[in-house]
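Protein chains: 2
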Amino acid sequence: MSQEIPYKIYLTEEEMPTAWYNMRADMKNKPAPLLNPGTHQPMAAEELYPVFCEELVKQELDDTTKFFEIPEEIRNFYKMYRPSPLVRAYCLEKKLDTPAKIYYKFEGNNTSGSHKLNSAIAQAYYAKKQGLKGVTTETGAGQWGTALSMACSYFDLDCKVYMVKVSYEQKPFRREVMRTYGASVTPSPSETTNVGRKILAAHPGTTGSLGCAISEAVEVAVSTPGYRYVLGSVLNQVLLHQSVIGLETKAALDKIGVKPDMIIGCAGGGSNLGGLIAPFMGEKLRGEADYRIIAVEPASCPSFTRGKYAYDFCDTGMVCPLAKMYTLGSDFIPAPNHAGGLRYHGMSSTLSQLYDDGFMEARSVKQTDVFEAAEMFARVEGILPAPESSHAIRAAIDEAMKCKETGEEKTIVFGLTGTGYFDLVAYEKFHNGEMSDYIPTDEELAASLSKLPKV
Amino acid sequence: MSQEIPYKIYLTEEEMPTAWYNMRADMKNKPAPLLNPGTHQPMAAEELYPVFCEELVKQELDDTTKFFEIPEEIRNFYKMYRPSPLVRAYCLEKKLDTPAKIYYKFEGNNTSGSHKLNSAIAQAYYAKKQGLKGVTTETGAGQWGTALSMACSYFDLDCKVYMVKVSYEQKPFRREVMRTYGASVTPSPSETTNVGRKILAAHPGTTGSLGCAISEAVEVAVSTPGYRYVLGSVLNQVLLHQSVIGLETKAALDKIGVKPDMIIGCAGGGSNLGGLIAPFMGEKLRGEADYRIIAVEPASCPSFTRGKYAYDFCDTGMVCPLAKMYTLGSDFIPAPNHAGGLRYHGMSSTLSQLYDDGFMEARSVKQTDVFEAAEMFARVEGILPAPESSHAIRAAIDEAMKCKETGEEKTIVFGLTGTGYFDLVAYEKFHNGEMSDYIPTDEELAASLSKLPKV
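Going down the list, the protein sequences come from chains A and B. The opening position of the first sequence corresponds to residue 160 in my numbering, with each subsequent residue numbered one higher. The opening position of the second sequence corresponds to residue 160 in my numbering, with each subsequent residue numbered one higher.
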């Protein structure tokens with residue numbers, strides 16, 4: 160391995176992207192539009208304004224503008240934790256004794272612990288610019304809620320987070336990070352909303368669900384003057400903001416004259432994957448270059464590999480618009496996999512269309528195999544990875560081992576979305592041999608897929 | 160404020176230090192030697208070899224060699240998480256509306272979460288080079304134990320950590336990080352050592368103490384072939400390794416043409432402070448430049464500001480050599496301040512001599528004031544700081560506010576030693592208004608100081 164390439168490739172602040180890239184502009188087959196859940200007609204911007212910030216609605220619906228300038232205020236915030244390093248994994252390569260060259264883009268060097276901050280700060284900025292008082296959101300494991308709290312604190316916006324009650328009680332640390340940043344964190348279901356009270360009356364003692372928390376956050380947003388609802392994944396606007404990951408990655412690779420053979424990302428709702436691959440996919444869509452692009456999802460929640468490409472509800476509460484996507488059915492309840500950020504029944508519409516058109520591959524990996532890769536990576540590369548990110552590590556290691564068999568010197572780039580400091584209960588289970596692999600049966604999937612809405 | 164200086168100043172890998180700097184070489188009044196606790200004679204190298212690695216003993220005793228080359232293997236490890244950024248705190252300056260220019264050197268961007276890794280990797284390297292099988296150590300809150308586990312994993316050394324039982328049980332997260340890196344973590348006191356069994360027999364149900372954990376770790380090191388004991392602070396060798404912090408800081412400041420007026424560091428045993436100030440203190444000792452150098456310690460454990468400069472035991476078990484230092488008495492039990500890393504009764508001999516000779520100032524700060532500063536910093540600068548590091552933040556903010564009063568544009572540099580991801584119980588107490596300030600009474604201090612050994 161050539162030591163001429165440094166361990167970490169940093170862009171200078173001048174080399175950081177000044178515009179986000181909108182993959183949809185280069186897609187011949189555009190992602191299908193969101194549909195009104197009542198009329199099954201495409202949602203107009205006006206229908207979305209009561210829920211989302213206006214500028215974000217425009218970004219959501221725009222599939223022709225190629226670049227959106229990143230406002231200076233957001234670029235200044237990015238400078239506090241970006242550019243993130245592109246790391247050459249010399250130690251992992253040595254450990255695997257592979258001829259492959261492995262790079263990873265590390266997004267965990269910020270207090271939210273993940274890439275989520277890239278979109279949180281953008282959404283908070285547009286909310287502030289619109290003159291709003293605050294935003295509402297839901298959070299499960301807490302990565303998104305933490306990122307949004309940091310962003311709102313920076314722009315002096317009120318932030319109301321509905322946190323799934325079981326997480327609120329069992330994961331007090333993330334809750335306290337959010338409180339440090341001034342957010343109000345309410346365990347969901349709560350007495351503060353109609354939908355919360357209704358659920359509590361029907362199911363006393365329930366520990367909540369993401370679907371319920373979404374419903375509460377949306378209710379508060381639409382019923383409180385000066386508030387809107389924000390979301391950390393799945394949406395086109397989120398993928399747009401997250402393109403900063405891929406743009407930096409490509410700029411850093413160009414700087415050292417390296418063209419990757421494959422790009423690997425973990426996939427839940429698609430925020431990281433869509434951001435990481437954006438400029439590479441752009442070249443592929445325009446016929447300028449070819450790359451293997453690999454989405455890695457948990458075997459317990461395999462929307463790409465075992466789901467159906469169809470219109471479905473985005474939330475389990477079935478109040479949000481319908482999106483066409485690879486889905487396991489909004490009724491599907493993923494097993495308690497420790498990669499909470501990947502436990503979503505559907506997938507970004509944009510990525511779904513690209514996958515359906517054959518522009519990317521997908522594979523699923525088992526949880527114990529993921530933690531085995533995570534531990535190996537931590538020991539040689541130093542960074543304790545998040546369970547979500549470790550799905551990409553697993554696939555990168557598998558590909559590097561194939562190179563060892565064939566002798567090929569392929570260049571592998573993967574996204575290391577975050578750190579696992581708040582996931583140590585999962586690591587403990589792994590160390591104690593108490594971790595299981597959950598794989599839904601064909602019957603389970605058929606049952607939830609049979610309830611897809613008729614569109 | 161000039162935006163010409165970037166938010167983050169990174170050195171390139173070529174600009175990273177290739178040698179550690181030994182402050183003692185430039186001191187006219189050398190730090191007093193370690194004394195044999197039995198004979199009260201200076202410890203010879205041979206007396207220390209059974210406990211410590213040979214090369215580290217040499218570094219410990221050498222007060223004339225100015226530079227020690229950093230071996231290439233250690234420099235390669237450093238490259239995985241160093242150079243650490245020197246950050247211009249534009250957002251904090253704006254929040255304070257101060258003419259002061261504030262910079263901080265951030266050492267938290269690694270899985271151990273602090274600067275401790277800088278010395279851990281050096282100590283593990285020399286242990287490996289000596290052909291040892293493994294090392295033993297103690298850990299309280301777990302920062303040092305985590306760093307050492309990472310370092311041992313990298314060099315394939317066995318790592319036995321004795322963790323104070325109450326922390327082992329109440330802080331399972333750090334324990335699991337250590338296990339991820341392959342360390343064996345034993346709650347102390349344990350049945351695995353003579354001293355442990357003795358203490359358990361005398362005090363059944365005890366939750367342990369750092370003093371006891373040290374005694375167990377030392378016993379295992381000296382009684383197990385191929386093992387030595389390692390320590391994460393206080394010692395001269397540790398300050399030597401940590402000089403990488405200050406050397407990088409100075410190189411980055413030189414790069415942007417900035418000369419600081421003051422350098423501020425938190426002080427427990429002295430590992431961070433001694434490393435951060437090293438090259439600046441060197442210039443001061445050689446009469447080449449002048450800087451204000453400020454040590455910040457907790458009001459609950461004020462060794463510099465209220466202690467006595469005298470020979471004392473380094474451990475509460477009184478088995479280690481005697482060191483001349485500012486001390487509160489080895490019998491002093493610091494109140495349960497949340498900055499676990501600063502709860503040490505003594506202070507590095509080198510720093511003690513420099514303080515006694517008037518080369519640096521010291522001040523103590525109250526815990527609630529520290530957390531107030533920590534929260535303000537987190538909200539504007541994004542990083543959630545460790546309670547230890549927040550002592551330096553408090554002093555930096557206080558100095559910046561003085562500049563606001565006087566209108567002086569002073570340049571302040573402080574050390575941000577680590578992140579607070581594993582300290583959220585403390586943040587929670589602060590948010591809930593349940594945090595107290597502990598300040599020892601004069602009578603308490605007099606009582607513990609009355610038991611200093613007669614030398």
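I should point out that these hints are in silico values taken from the structure, not numbers from a laboratory. Treat the hints loosely; a few may be bogus.
If several chains are the same, the list does not tell them apart, and a pair holds so long as it fits within one copy or across any two.
[What the hints assert, rightly or not] Distance condition first, Cα-Cα at most 20 Å in a straight line; then the derived SDA-like pairs of lysine to any residue: (1) Lys-167 / Asn-235; (2) Lys-467 / Asp-516; (3) Lys-561 / Gly-341; (4) Lys-443 / Leu-412; (5) Lys-187 / Thr-365; (6) Lys-588 / Gln-329; (7) Lys-187 / Ile-415; (8) Lys-287 / Tyr-208; (9) Lys-225 / Glu-205; (10) Lys-483 / Asn-268; (11) Lys-418 / Ser-607; (12) Lys-254 / Lys-287; (13) Lys-443 / Asp-413; (14) Lys-330 / Val-584; (15) Lys-588 / Gly-341; (16) Lys-588 / Pro-331; (17) Lys-324 / Val-584; (18) Lys-287 / Leu-207; (19) Lys-588 / Glu-328; (20) Lys-238 / Val-539; (21) Lys-287 / Lys-563; (22) Lys-238 / Leu-170; (23) Lys-288 / Val-539; (24) Lys-414 / Thr-171.
Structure-based check of each hint:
With identical chains, the CA atoms of Lys-167 and Asn-235 are at most 20 Å apart between copies only, with a shortest distance of 11 Å across copies and 22 Å within one. In the homo-oligomer, the alpha carbons of Lys-467 and Asp-516 lie at most 20 Å apart inside one protomer (14 Å), although the nearest pairing across protomers, at 75 Å, exceeds that limit. Taking CA atoms no more than 20 Å apart as the test, Lys-561 paired with Gly-341 passes in neither setting, with 48 Å inside one copy and 27 Å between copies. Taking the shortest Cα distances, Lys-443 and Leu-412 sit within 20 Å of each other inside one copy (16 Å), while across copies they are farther apart (43 Å).
Taking CA atoms no more than 20 Å apart as the test, Lys-187 paired with Thr-365 passes in neither setting, with 46 Å inside one copy and 70 Å between copies. Proximity of Lys-588 to Gln-329 under the C-alpha cut-off of 20 Å is found in both arrangements, the shortest distances being 15 Å within a copy and 17 Å between copies. Neither within a single protomer nor between protomers do Lys-187 and Ile-415 lie at most 20 Å apart by alpha-carbon distance, with minima of 32 Å and 48 Å respectively. Proximity of Lys-287 and Tyr-208 under a CA criterion of 20 Å is satisfied intra-copy only: 15 Å inside one chain copy versus 63 Å between copies.
Taking CA atoms no more than 20 Å apart as the test, Lys-225 paired with Glu-205 passes in neither setting, with 23 Å inside one copy and 71 Å between copies. Neither within a single protomer nor between protomers do Lys-483 and Asn-268 lie at most 20 Å apart by alpha-carbon distance, with minima of 34 Å and 40 Å respectively. Neither within a single protomer nor between protomers do Lys-418 and Ser-607 lie at most 20 Å apart by alpha-carbon distance, with minima of 42 Å and 65 Å respectively. Only between protomers do Lys-254 and Lys-287 lie at most 20 Å apart by alpha-carbon distance; the minimum there is 18 Å, versus 48 Å within a single protomer.
Taking the shortest Cα distances, Lys-443 and Asp-413 sit within 20 Å of each other inside one copy (16 Å), while across copies they are farther apart (44 Å). Taking identical chains as interchangeable, the C-alpha atoms of Lys-330 and Val-584 lie at most 20 Å apart whether they share a chain (10 Å) or sit on different chains (11 Å). For the identical chains of this complex, Lys-588 and Gly-341 are inter-copy neighbours only, at 15 Å across copies versus 32 Å inside a copy, given an alpha-carbon limit of 20 Å. Taking CA atoms no more than 20 Å apart as the test, Lys-588 paired with Pro-331 passes in both settings, with 19 Å inside one copy and 12 Å between copies.
In this homomeric assembly, Lys-324 and Val-584 come within 20 Å of each other (Cα to Cα) both inside a single copy, at 18 Å, and across copies, at 19 Å. In this homomeric assembly, Lys-287 and Leu-207 come within 20 Å of each other (Cα to Cα) only inside a single copy, at 18 Å, whereas the closest approach across copies is 62 Å. In this assembly of identical chains, Lys-588 and Glu-328 lie within 20 Å of each other by CA distance both inside one copy and across copies; the values are 19 Å within and 16 Å between. Only between protomers do Lys-238 and Val-539 lie at most 20 Å apart by alpha-carbon distance; the minimum there is 13 Å, versus 28 Å within a single protomer.
Proximity of Lys-287 to Lys-563 under the C-alpha cut-off of 20 Å is found in neither arrangement, the shortest distances being 52 Å within a copy and 29 Å between copies. In this homomeric assembly, Lys-238 and Leu-170 come within 20 Å of each other (Cα to Cα) both inside a single copy, at 11 Å, and across copies, at 16 Å. In the homo-oligomer, the alpha carbons of Lys-288 and Val-539 lie at most 20 Å apart only across protomers (19 Å), although the nearest pairing inside one protomer, at 44 Å, exceeds that limit. Taking the shortest alpha-carbon separations for Lys-414 and Thr-171, both the intra-copy value of 11 Å and the inter-copy value of 14 Å come in at or below 20 Å.
Checked against the numbered hints given earlier, the structure breaks hints 3, 5, 7, 9, 10, 11 and 21 and satisfies all the rest.
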